[in-house]
Amino acid sequence: MPMPTEDPAGNDDLFSLALYARCESALMWLLVTSDDVGTEAFDRHRSNAFDAASRAGYLYPDEPQPALLQDNCEVHDAWHYGVGLREQERHEEQKTLERERRIALAAAKDWDALGYRRPEAILADLQSGEHVCVAGHELYPDGECVFFENPYNVPGIFGDLRELTVADVEHFLTDMAKGEEWGLVPH
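Here UniProt numbering is used: the first residue of the sequence shown is 1, the next is one more, and so on.
If you are wondering where the hints come from, they were derived from the structure by calculation, not from laboratory data. Being a predicted model, the structure only gives us computed values, none of them experimental. Hints should not be assumed to be uniformly reliable.
Capping the alpha-carbon separation at 25 Å, the derived lysine to aspartate or glutamate pairs in DMTMM-like fashion look like this [said to hold, decoys possible]:
#, residue 1, residue 2
1, Lys109, Asp62
2, Lys95, Glu163
3, Lys95, Glu120
4, Lys109, Glu120
5, Lys109, Glu180
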């Protein structure tokens, strides 16, 4: 997140950022009333107001929106933009942590913690002709071959049923734990 360019003290407390954003916005509106829209000064004040308000939202997303940023559309929207950026980062961090956790569980072959059946049981079901569903992927035997269908209903070949091993099923489960999708994905 960029620092406000006109905040020499570098104050990142919520009130200072909100006050700075509101002052920059007021300076911008003074230029509007003097018909100086589009000037370098106008653009600078507008940019500074946006940067400070969005930084406030980014740094303090769990705080209520300051009153200084509530009745002016541009700084109001900038606050929510900053909050949205922080929420997006948090979401991505959570996804990364969850993926790392799932990869570690797969490496430890802790299939129960992943919510998967044991590879031996999956292989036995396939060998007895049963369909198996894991993470939106359906495995199904047909003759001497095992096919799969991914969550987008795109089929593929998993392998020869006579040569399929527990290690093959473990590889499949590991890919599912990583969030990988087998077959073609339409996006």
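Do the hints match the structure? See the list:
1. For the hint linking Lys109 to Asp62, the alpha-carbon distance of about 38 Å lies beyond 25 Å, and the restraint is violated.
2. The suggested pairing of Lys95 with Glu163 is violated, with an alpha-carbon distance near 35 Å, which exceeds 25 Å.
3. At most 25 Å may separate the alpha-carbon atoms for a hinted pair to count; Lys95 and Glu120 exceed this at roughly 29 Å.
4. With a CA separation close to 12 Å, the supplied pair Lys109 and Glu120 stays within the 25 Å bound.
5. Restraint check for Lys109 and Glu180: satisfied, since their Cα atoms lie roughly 17 Å apart, inside the 25 Å limit.
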